[in-house]
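J.: Everything in the sequence shown is counted per this note's numbering, starting at 1 for the first residue and increasing by one.
Hints were generated in silico from the structure; no laboratory data involved.
One or more of the hints may lead you astray.
[What the hints assert, rightly or not] Straight-line C-alpha distance at most 30 angstroms; calculated BS3-like pairs for lysine-lysine:
hint, residue 1, residue 2
1, 84, 166
2, 84, 7
3, 7, 166
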Amino acid sequence: MNVHAIKAIYRFEMARTFRTLGESILSPVLSTSLYFIVFGAAIGSRMGDIEGVSYGAFIIPGLIMLSLLGESISNASFGIYMPKWAGTIYELLSAPVSSVEVVIGYVGAAATKSLMLGLLILATARLFVPYEIAHPVWMLAFLVLTAVSFSLFGFIIGLWADDFQKLQVIPLMVVTPLTFLGGAFYSISMLPPLWQKITLFNPVVYLISGFRWSFYGVADVNVGVSLAAVIGFLVACLAVVGWIFRTGWRLKS
1 MNVHAIKAIY
11 RFEMARTFRT
21 LGESILSPVL
31 STSLYFIVFG
41 AAIGSRMGDI
51 EGVSYGAFII
61 PGLIMLSLLG
71 ESISNASFGI
81 YMPKWAGTIY
91 ELLSAPVSSV
101 EVVIGYVGAA
111 ATKSLMLGLL
121 ILATARLFVP
131 YEIAHPVWML
141 AFLVLTAVSF
151 SLFGFIIGLW
161 ADDFQKLQVI
171 PLMVVTPLTF
181 LGGAFYSISM
191 LPPLWQKITL
201 FNPVVYLISG
211 FRWSFYGVAD
221 VNVGVSLAAV
231 IGFLVACLAV
241 VGWIFRTGWR
251 LKS
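Please put together the full structure from these sequences, using the hints given.
T.: So this is what it looks like as structure tokens:
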């Protein structure tokens with residue numbers, strides 16, 4: 001494996017992040033802080049506990065997931081789309097770099113940025129509400145698996161997109177609504193029975209539920225099912241990326 005190529009791609013992508021630190025890191029953290037102020041402090045103080053957890057603490061996993069999913073997709077899709085748009089993708093394709101090394105470099109950098117953001121939001125949440133992490137190892141596991149899975153998904157979107165508008169279609173029109181409807185701000189047990197069953201078709205429910213379980217030991221669905229859902233999505237994304245590189249689909253457009 002060409003470790004030098006992986007390092008070069010990874011360092012280039014991380015350097016781009018630190019050149020735009022305000023947009024890449026500070027802006028999402030500030031936006032999430034507003035959620036904590038509005039929902040955690042203002043509204044949360046007027047709401048009772050949910051499954052024995054204060055409302056302000058209950059929404060922490062959902063808010064982290066909301067930012068993590070969006071940023072993972074955005075970082076990875078923009079990272080691979082820019083070489084296509086600028087034409088430098090041909091330099092990458094002609095270099096002695098395998099598809100595996102390209103994926104590791106771009107997806108690894110995107111996942112690293114998302115993990116940094118998730119941990120910063122977690123630290124920021126301490127300024128607004130007290131919380132405990134019941135299962136820190138599982139919390140990190142869900143965080144890493146989700147960041148890598150959705151960075152791979154973003155990588156696929158970046159290969160699929162042929163203009164800047166398409167980079168935002170799926171994150172804004174699909175992923176964000178599914179996150180809001182996936183229990184980020186409430187427990188699905190609060191919904192009517194029919195809507196509880198319908199909500200279970202939302203894949204983001206399993207991500208948020210498993211992540212929330214790692215904090216407080218409470219979940220809307222079985223944690224084993226949540227873990228299987230994350231791993232299944234990761235495997236599916238890996239299969240799609242493998243097919244793209246085997247066929248050369250959209251790599252040169």
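J.: None of the hints should be skipped; say for each whether it holds.
T.: Verification of the supplied hints:
| no. | hint | result |
| --- | --- | --- |
| 1 | 84 / 166 | holds (14 angstroms) |
| 2 | 84 / 7 | holds (20 angstroms) |
| 3 | 7 / 166 | holds (29 angstroms) |
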